[in-house]
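*Asks:* Spelled out, the chains give:
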Amino acid sequence: MRKLALSDEILLQIDKPARYIGGEVNMAKKDPKLVDIRFAMCFPDVYEIGMSHLGMQILYDMFNRRDDIYCERIYSPWTDLDKIMREENIPLFALESQDPIKEFDFIGITLQYEMCYTNILQILDLGKIPFHTKDRAEDDPILIGGGPCAYNPEPLAAFFDLFYIGEGETVYFELMDRYKENKKKGGSRKDFLQMAAGIDGIYVPAFYDVTYKEDGTVDCMKPNNSHAKEKVTKQVVNNMDDAFFIDNPIVPFIKATQDRVVLELQRGCIRGCRFCQAGNVYRPCREHSLEYLKDYAYKLLKSTGHEEISLSSLSSSDYSQLEGIVNFLIEEFKGKGVNISLPSLRIDAFSLDVMSKVQDIKKSSLTFAPEAGSQRLRDVINKGLTEETILKGASEAFNGGWNRVKLYFMLGLPTETVEDMEGIAELSEKVAEVYYEIPKDQRNGKVQIVASSSFFVPKPFTPFQWARMCTREEFLERAYIVKDKFRTMLNKKSLKYNYHEADLTVLEGVLARGDRKISALIEEVYKNGAIYDSWSEHFKNELWMNAFETCGIDPDFYTIRERDLDEVFPWDFIHSGVTKEFLKREWQNAVSEKITPNCRQHCTGCGAMSFKGGICYEGKN
Amino acid sequence: MKVRIKFYKHGPVKFIGHLDIMRYFQKAIRRAEIDIKYSEGFSPHQVMSFAAPLGVGLTSNGEYMDIEVNSMIDTKTLMDRLNAVMVEGIMATDCRVLDERAKNAMSLVAAADYTLIFREGKEPSDLGRFFTGLADFLNQPEILIIKKTKKGEKEVDIKSGIYELSAEDERIFMKVSSGSADNLKPELVMEAYYQFLGLTLPEFAFHIQREEVYGNTGDEENRNLIPLGLMGESCE
Ligand code: SF4
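Residue numbers (the UniProt record's numbering), protein chains in the order written: chain B, 1 to 621; chain D, 1 to 236.
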């Protein structure tokens with residue numbers, strides 16, 4: 001029987017002890033003594049969130065197919081256990097072997113959102129691993145960061161030994177081979193980092209010096225080690241069907257946020273919305289074939305026993321075989337007790353038809369993401385969804401029996417005016433009016449429209465990376481304008497408006513476009529008790545505000561400053577495919593309200609063609 | 001066809017709560033490709049029920065689950081298939097076909113056996129007296145204990161719910177009333193016993209294992225307790 005790191009007494013005192021015991025269905029079992037490399041893969045949030053992440057499961061399985069590597073998992077201990085571990089001096093352990101993480105060769109941390117950064121320090125702290133790469137000893141684990149936030153790794157530069165930029169399926173094995181080679185030769189930690197720096201896509205922050213101008217912006221970033229490259233090129237999988245994929249993901253005992261089979265339809269997106277980081281950094285758009293997806297649908301349902309299957313990708317309606325895969329899933333699995341959970345789709349005859357087949361119309365709602373309240377602003381952000389399309393889709397759906405609608409918007413977008421803000425209420429009202437045009441005896445009670453807005457955060461590698469972000473007060477003012485407008489709407493009783501928290505957004509803005517100076521801030525705020533910042537019940541804004549003060553960092557520098565076109569950004573050393581020239585052009589198009597066609601209509605030369613795959617070559621060979 | 005499956009729960013999986021064990025088996029049955037019956041409706045669910053929820057932290061040799069299948073080869077094949085997809089610590093040990101009119105396991109539960117052993121460092125100082133005192137404890141005319149309920153606290157006499165209580169090899173054995181009507185938790189019996197000895201029960205003092213769950217084919221007065229697993233037939 002497996003021995004656990006925590007005593008029964010501790011496990012019986014804490015919430016959801018199953019978070020910490022491992023042993024789930026499809027967990028990899030190996031003898032740690034018989035492998036060359038012990039890799040601990042970490043999602044720095046609570047188990048139920050971390051276990052829902054497909055990317056981590058893919059890499060876990062990929063590593064474990066190699067006999068010489070044992071890949072295990074780490075999640076953030078929840079605050080109840082965190083307290084006990086500190087009091088009783090219990091070192092953080094990985095779930096599989098239950099061994100302390102300090103004994104591992106590598107700790108790989110996936111960086112999915114900025115507000116998890118303090119949780120990274122919790123992992124290191126409880127794991128008894130020095131925070132700073134410069135303080136780590138020869139036998140400390142090598143800390144690797146990856147995932148979307150690694151596209152601006154600089155705020156975390158002090159903590160990580162290396163970053164993996166791009167999709168994990170490409171050079172991880174090479175990195176592992178170099179590690180073994182170096183170990184065999186008796187090479188040092190530094191020898192290995194130098195070898196790693198030579199691999200495409202690997203960034204070793206300690207091998208670069210950054211100098212700043214008097215105004216605080218980056219002057220230049222230069223390698224200080226001959227092995228480090230000037231530019232680090234993001235890694236992409238060229239042929240999606242050849243890419244590694246899991247057929248036996250781990251099935252948690254407790255209900256994870258994503259308690260279902262997830263089929264990835266495609267990576268990347270053809271759309272080019274100007275606010276969207278994923279849409280830019282995952283270019284070019286690459287599809288899986290229908291045959292591939294069918295095969296994996298069978299395999300994954302069989303190996304997990306899940307009773308639900310969902311489709312995942314950016315803008316799923318653009319997947320060219322969408323009808324094929326959805327119809328296949330319905331025909332093949334619907335009668336076998338498998339629920340099919342649809343991604344958010346463009347509302348049209350096809351999607352309404354499949355929605356009515358797989359969901360209870362009375363309980364489900366329609367989702368639209370216009371993102372902005374007016375056509376003018378939708379042109380600025382290049383969101384190709386028109387009012388006409390929304391109202392037409394809504395009308396069809398209402399006639400089909402639906403009576404709930406969700407609308408998603410952003411507030412604080414560049415160039416936003418009062419009319420744009422009020423447009424959120426007006427568009428919602430128009431949707432309601434479409435409903436009430438239906439004769440009373442033919443409609444299904446009242447309509448329920450919920451509009452939500454989040455606050456816009458400019459992200460690296462988007463055309464809005466130059467943009468000024470709003471202050472907390474401006475955000476809230478804008479939300480009040482929208483709210484007030486909703487109160488004047490004729491059908492206000494059928495409309496509901498929600499907006500997100502503003503404090504968190506401001507911090508996200510600082511971390512997203514931060515530079516190396518931000519590492520000190522993260523460390524300071526962690527030392528003062530910040531943890532689980534993405535959880536509103538744990539987020540404490542004062543701690544952050546105090547830390548800005550202590551560290552002498554002005555948040556406004558990172559958020560409300562509009563950048564000059566020729567400013568050097570902390571993340572400029574990464575070659576993400578999309579060129580800075582293209583992004584500049586798009587920023588100018590945005591300001592002049594000019595839309596850009598999507599990749600399938602017309603290639604606009606973003607630069608991602610250099611990866612030699614995907615949509616850029618579709619129909620061209 | 002109604003089928004009753006007996007299984008054990010050993011080791012770290014004792015920290016998986018009852019609802020999650022149900023979810024675990026729902027997925028296991030799909031992995032094993034057992035032809036289980038589904039309910040009608042928009043989100044159909046498997047026809048499955050469990051005899052008695054087991055508390056978090058307890059292990060067991062005698063857990064029962066009833067399912068309804070559309071078809072199966074035989075009980076052995078069903079069990080083998082299920083066991084091929086289990087995790088360490090959970091294993092089906094028996095499988096019987098029930099009469100179509102059989103009541104489900106949950107409504108039958110009348111009693112259960114438990115064994116208790118001390119967790120390390122939790123033993124009372126006078127262990128000898130602890131084990132010899134059990135007989136006197138049981139010989140009391142009534143055994144009163146404060147039971148915490150949703151409405152508050154009330155004093156109850158648990159004597160009639162204790163069918164057997166003994167000790168062997170530093171292991172306490174008890175057969176107690178169980179089920180929806182009169183569920184007596186082993187912890188409560190031990191709390192009463194500690195009270196009787198003039199001691200207070202330390203937290204997490206025992207590791208508790210359920211050994212068997214019984215139905216009663218007799219009546220209140222003359223009990224005839226039969227393990228739930230013996231109430232069906234195996235078909236091979
Ligand atoms: S190179 Fe052209 S087709 Fe390829 S991603 Fe960029 S814009 Fe789209």
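The reader is advised that the hints may include incorrect statements.
[Unchecked claim] Taking lysine-lysine pairs in the PhoX-like style, the calculated list, with each CA pair at most 20 Å apart, reads:
id	chain 1	residue 1	chain 2	residue 2
1	B	336	D	37
2	D	175	D	151
3	B	3	D	185
4	D	185	D	175
5	D	37	B	334
6	B	302	D	185
7	B	594	B	584
Note that these hints are calculated values from the structure, not bench results.
Predicted, not measured: the structure shown is a model, and the values here were computed from it.
*Asks:* Next step is simple, just say for each hint if it's right about the structure.
*Replies:* Hints versus structure:
For the hint pairing residue 336/B with residue 37/D, the CA-to-CA distance comes to about 10 Å; that is within 20 Å, so the pair holds. Between residue 175/D and residue 151/D the CA atoms are separated by roughly 28 Å; this puts the pair beyond 20 Å, and the hint is violated. With a C-alpha separation of about 27 Å, the suggested pair residue 3/B and residue 185/D falls outside the 20 Å cut-off, and the hint is violated. Between residue 185/D and residue 175/D the alpha-carbon distance is near 10 Å, which keeps this suggested pair within the 20 Å criterion.
Simply put, residue 37/D and residue 334/B have alpha-carbon atoms about 14 Å apart, close enough for the 20 Å limit, and the pair holds. A C-alpha spacing of about 39 Å is found between residue 302/B and residue 185/D, which places the hinted pair above 20 Å, so the restraint is violated. With a C-alpha separation of about 13 Å, the suggested pair residue 594/B and residue 584/B falls inside the 20 Å cut-off, and the hint holds.
In terms of the numbered hints stated before, the structure departs from hints 2, 3 and 6, listed from lowest to highest.
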